[in-house]
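Chains as they are written, first to last, in the numbering used here: chain L, 1 to 289; chain P, 1 to 289; chain A, 1 to 289; chain S, 1 to 289.
Do not take every clue at face value.
Because identical chains share one entry, a pair is satisfied inside a single copy or across any pair of copies.
[What the hints assert, rightly or not] Under the rule of at most 25 Å between Cα atoms (straight-line distance), these lysine-lysine pairs were calculated in the DSS-like manner:
1) K188 <-> K216
2) K39 <-> K25
3) K131 <-> K16
4) K26 <-> K102
5) K39 <-> K160
6) K25 <-> K14
7) K93 <-> K216
8) K26 <-> K14
9) K14 <-> K188
10) K115 <-> K102
11) K115 <-> K92
12) K216 <-> K95
13) K115 <-> K134
14) K85 <-> K216
15) K25 <-> K92
16) K160 <-> K216
17) K115 <-> K26
18) K15 <-> K26
19) K15 <-> K25
It should be emphasised that the hints constitute simulated quantities derived from the structure, not laboratory data.
Protein chains: 4
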Amino acid sequence: MSIINKNKKRKHFKKKVLFISCIHKKGIINQIMTICFSKFLEILAISTYLDVDTNIFFIRLEIQGCFQECSVLYLFRDLLSSNIKLNFQSIKKPKIILLVTKEPHCIGNLLIKNKFGHLNAEILAIISNHKILKPLVELFNIPFHYINHDTLSDEEHNSKVLKLINKFKPDYIILAKYMRILTSNFIKNYNNKIINIHHSILPSFIGARPYFRAYKRGVKIIGATAHYVNNYLDSGPIIFQDIAHIDHTYTVNDIVRVGHDVEQYVLNRALSLIFSNRVLVFQNRTIIF
Amino acid sequence: MSIINKNKKRKHFKKKVLFISCIHKKGIINQIMTICFSKFLEILAISTYLDVDTNIFFIRLEIQGCFQECSVLYLFRDLLSSNIKLNFQSIKKPKIILLVTKEPHCIGNLLIKNKFGHLNAEILAIISNHKILKPLVELFNIPFHYINHDTLSDEEHNSKVLKLINKFKPDYIILAKYMRILTSNFIKNYNNKIINIHHSILPSFIGARPYFRAYKRGVKIIGATAHYVNNYLDSGPIIFQDIAHIDHTYTVNDIVRVGHDVEQYVLNRALSLIFSNRVLVFQNRTIIF
Amino acid sequence: MSIINKNKKRKHFKKKVLFISCIHKKGIINQIMTICFSKFLEILAISTYLDVDTNIFFIRLEIQGCFQECSVLYLFRDLLSSNIKLNFQSIKKPKIILLVTKEPHCIGNLLIKNKFGHLNAEILAIISNHKILKPLVELFNIPFHYINHDTLSDEEHNSKVLKLINKFKPDYIILAKYMRILTSNFIKNYNNKIINIHHSILPSFIGARPYFRAYKRGVKIIGATAHYVNNYLDSGPIIFQDIAHIDHTYTVNDIVRVGHDVEQYVLNRALSLIFSNRVLVFQNRTIIF
Amino acid sequence: MSIINKNKKRKHFKKKVLFISCIHKKGIINQIMTICFSKFLEILAISTYLDVDTNIFFIRLEIQGCFQECSVLYLFRDLLSSNIKLNFQSIKKPKIILLVTKEPHCIGNLLIKNKFGHLNAEILAIISNHKILKPLVELFNIPFHYINHDTLSDEEHNSKVLKLINKFKPDYIILAKYMRILTSNFIKNYNNKIINIHHSILPSFIGARPYFRAYKRGVKIIGATAHYVNNYLDSGPIIFQDIAHIDHTYTVNDIVRVGHDVEQYVLNRALSLIFSNRVLVFQNRTIIF
């Protein structure tokens with residue numbers, strides 16, 4: 001009896017985004033449509049993409065209906081292939097955790113946006129390995145958690161932060177200038193859910209002090225990159241990048257100042273895309289529908 | 001007997017892009033799919049867009065099958081609404097006519113691309129109201145037609161040019177710095193088929209001498225706009241725009257020089273989009289799938 | 001005796017930026033140097049610019065020495081021409097007043113920067129014709145002055161705001177999204193001292209609701225312009241402009257959101273230039289040394 | 001008697017750009033001015049820059065007068081320091097040699113510009129290690145020299161090309177997509193006189209196939225870099241860089257196509273700067289006055 005109730009509960013009327021990726025085959029879109037029809041799903045929006053190099057097919061569907069996710073997934077899996085990846089996302093304000101270290105510009109910008117209802121997400125908490133941003137965060141009445149890393153190994157610190165995050169069950173973790181490296185265990189727990197802002201036009205200047213190295217190299221453009229975090233430093237799937245022109249009169253400090261403004265801008269644009277369920281990760285790239 | 005043959009001839013296996021736009025209604029994508037299924041069309045690619053302001057729905061379909069265009073169109077028209085617009089495009093290299101006046105940079109760039117097979121279109125002819133570019137064009141063995149406007153009224157000149165163009169039955173007419181205004185009759189004959197490159201970030205500096213006016217206004221960025229031509233000067237649907245940063249040291253000549261490079265670039269990017277059947281015109285805007 | 005003291009006081013060792021503009025004539029740089037030498041001025045930095053169109057010559061000098069400004073100016077005026085304009089600026093953190101209305105993004109960004117010492121200016125006060133930003137401003141312990149405009153004529157409101165500003169003797173007034181038009185009397189009092197951020201790539205979309213009009217026009221790039229305020233709406237000398245690429249999927253709200261980020265960025269870059277004494281106004285343009 | 005004549009010949013009225021760089025010291029600008037005065041030089045334009053990190057001072061002077069270069073240089077060297085670098089440049093159309101391999105877009109663009117007098121330089125010859133561009137170049141009546149590298153070692157090929165170039169005594173050598181590495185001996189002969197266009201936002205994607213690697217990395221912006229050639233691959237002083245936004249729908253071929261347009265644009269802007277004597281090389285950076 002309880003099982004039936006549970007199933008009934010799960011099979012209610014809902015609106016979801018469904019991403020499918022699998023090996024392309026003839027008639028694939030027609031087959032996907034047929035499954036949707038068989039489950040009485042109304043299709044609200046649809047976009048397809050074929051990666052000709054790998055012959056991998058991608059589809060983003062906004063669907064509406066009275067369905068059990070697992071039974072829909074089962075049908076697709078059965079019909080399409082064993083390599084299929086399916087990914088339901090909810091069309092609602094995501095819940096996020098922000099990780100920061102010392103720099104106020106990205107977090108400050110998000111706090112202002114949040115205070116005036118312009119963020120399109122709910123900030124559950126802000127976690128930092130330093131106390132310096134506590135007074136700023138508390139001005140905005142957001143919970144600030146300080147987890148000191150001084151006496152802990154990297155593993156221990158990561159695990160403490162992860163444990164705290166797990167309590168909140170966030171949809172996304174935003175590294176808004178978090179100057180610590182995440183362990184692979186941490187990343188595995190939030191695969192394609194962790195977004196970092198790096199202060200260079202990746203893949204240039206991976207790692208520490210990119211602005212200083214940009215200055216030394218004498219570049220004429222600097223930039224920032226928002227990307228998902230994977231196990232390789234600054235090497236995850238890129239979501240958004242943009243740049244600013246500079247010239248020889250810019251000292252390292254000038255570059256940092258302009259760079260901060262570009263970072264804010266790039267992070268904001270990437271979060272807009274993610275929070276509207278438009279981004280799909282494929283290998284080391286993003287498909288942005 | 002001849003009728004049957006004709007029909008048979010028309011109902012052969014083909015690959016087309018179909019754009020549909022109409023008032024949105026519940027279940028519209030499902031209905032469109034159902035029609036495709038009833039005609040045994042394989043859907044190769046699909047993208048939808050809903051303009052929330054106007055409640056107009058757009059879909060781009062790449063379809064393949066053995067069908068008569070008119071009978072497919074008939075079904076859609078019947079099912080969807082009286083306001084529906086349907087537009088089949090062929091997936092093949094388009095045939096184009098270039099109109100130019102005196103400036104060599106856009107035409108020169110397209111001629112070089114064409115010579116090395118990088119244009120993705122077939123240049124049928126180049127028409128000009130001046131002789132100055134004839135030697136350049138003839139280096140590349142493209143037919144050059146000179147239609148003097150000195151002794152003709154605007155109407156007469158337009159009509160002469162139109163008459164010549166009609167012989168070629170081009171898919172698109174590219175105004176690669178054509179410094180003449182087209183009559184509304186001319187435009188009506190090639191509705192959403194005429195692409196112009198204007199040397200400003202429209203809607204700023206509509207009309208003559210935009211670079212000089214940009215200089216006088218002291219702007220810090222200049223740019224170019226590729227747009228479809230409609231009946232209002234420099235006011236048609238915009239396809240692509242881009243910019244260059246300038247500073248006070250740029251004389252009008254410097255601005256012109258940089259501007260020419262931006263014009264080439266913007267025209268190229270717009271033509272790439274059009275030649276790959278990705279652009280749909282809606283009111284005064286473009287939907288770029 | 002008091003006069004001598006006063007003179008002595010004024011003739012102390014100092015560091016200043018001097019801008020000179022006048023009709024160009026042969027040997028002008030040599031003459032300017034000669035004057036500097038005669039006053040024992042050490043030249044720390046120097047840049048010249050000749051506007052070939054108007055034959056107006058510009059020079060920016062960073063000088064150091066023990067001098068009376070008036071006597072230096074007197075010599076230049078005497079030697080060069082009656083059309084000369086001379087402008088001493090102090091090399092120090094400028095004092096600024098911010099004027100705002102309802103939107104938090106520009107002011108929020110400046111408040112965060114200021115809190116962490118990244119602004120390179122001192123905010124004396126924030127003045128608004130609405131109360132809505134008061135709580136935000138007060139989080140940062142900056143004086144907030146509310147001057148209601150409901151019961152006042154434009155002239156009266158402007159004069160009240162001006163009166164308050166005059167008390168502070170600011171070096172610059174920043175309109176960080178101030179949605180009121182300044183009277184010519186107001187502007188005259190702070191000629192080339194008032195900086196506005198306008199949310200379009202001027203001269204496109206002068207006036208109200210530029211983002212809405214950009215959306216309606218179907219532009220593919222939006223942008224922002226930081227400019228000095230003169231007597232004509234959104235028509236003063238431009239300091240900095242930048243853009244963001246958008247596409248048809250951006251609703252007006254999406255454009256506004258991206259636009260806000262561009263506005264912040266453009267205002268920041270313009271203020272950096274101004275606060276480092278690099279901007280000279282000439283007619284309706286800026287020379288940025 | 002012949003010596004006197006020779007000296008007289010060298011000491012005629014001329015207009016030159018003089019770059020000086022040396023360790024900064026108090027009063028340096030005043031001292032430089034004093035030397036100019038002592039030689040009766042009229043200063044037409046002047047710009048200074050101090051690199052605060054290294055304490056190196058830079059000045060660009062446009063001077064006019066009746067002088068022997070060596071005696072002016074002697075005075076500066078004597079007064080300023082042993083570390084001084086002095087560099088006279090002529091204000092006139094520079095003579096250039098273009099080196100190419102197989103790709104037509106950069107060379108084509110320069111040939112079109114040159115044909116219509118928009119290049120601001122004189123093309124002496126075009127040299128290639130392939131025959132493929134010969135027909136294109138000959139359309140424009142520019143001498144084309146083919147130096148096959150198949151049967152030669154790198155050293156031998158470089159030395160043959162260098163020998164040919166030396167006959168022309170060019171001011172600059174432009175590598176307009178020259179896919180060969182220059183020997184250090186070659187570079188030494190034309191130190192800071194060789195300009196390359198690389199198809200990435202350096203320092204990302206140094207070396208071969210940058211577009212393919214950009215595609216694989218899933219970047220959202222691509223770009224090009226014009227730089228002086230030094231002994232390290234793609235690592236010389238950067239002159240100009242710019243970018244284009246791309247998305248996941250761009251295949252490698254699409255990226256190449258857009259990239260070619262960006263390359264042309266970036267090379268053009270860099271050459272404009274160089275041909276107007278505005279670029280000074282300092283360590284691995286460029287000062288652009």
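Results for each hint:
1. K188 <-> K216: Close across copies (23 Å), not inside one copy (36 Å); limit 25 Å.
2. K39 <-> K25: both (22 Å within a copy, 20 Å between copies)
3. K131 <-> K16: Answer is neither; intra-copy 39 Å and inter-copy 40 Å both fail.
4. K26 <-> K102: This pair counts as neither: shortest intra-copy Cα distance 53 Å, inter-copy 39 Å.
5. K39 <-> K160: Classified as neither; 44 Å inside a copy, 59 Å across copies.
6. K25 <-> K14: Between. Shortest inter-copy distance 18 Å satisfies the 25 Å Cα cut-off; intra-copy 29 Å does not.
7. K93 <-> K216: Neither: 42 Å inside a chain and 28 Å across chains, both beyond 25 Å.
8. K26 <-> K14: So K26 and K14 pass the 25 Å test across copies only (15 Å; inside, 30 Å).
9. K14 <-> K188: Cα proximity of K14 and K188: none, with 29 Å in one copy and 47 Å across.
10. K115 <-> K102: This pair counts as both: shortest intra-copy Cα distance 21 Å, inter-copy 13 Å.
11. K115 <-> K92: within (19 Å within a copy, 34 Å between copies)
12. K216 <-> K95: neither (40 Å within a copy, 32 Å between copies)
13. K115 <-> K134: both (16 Å within a copy, 13 Å between copies)
14. K85 <-> K216: Between copies only: 21 Å across, 44 Å inside.
15. K25 <-> K92: between (33 Å within a copy, 23 Å between copies)
16. K160 <-> K216: Classified as neither: same-chain Cα gap 37 Å, cross-chain 35 Å, threshold 25 Å.
17. K115 <-> K26: neither (50 Å within a copy, 36 Å between copies)
18. K15 <-> K26: Cα proximity of K15 and K26: across copies only (14 Å, versus 28 Å in one copy).
19. K15 <-> K25: Result: close only across copies, 17 Å inter versus 28 Å intra.
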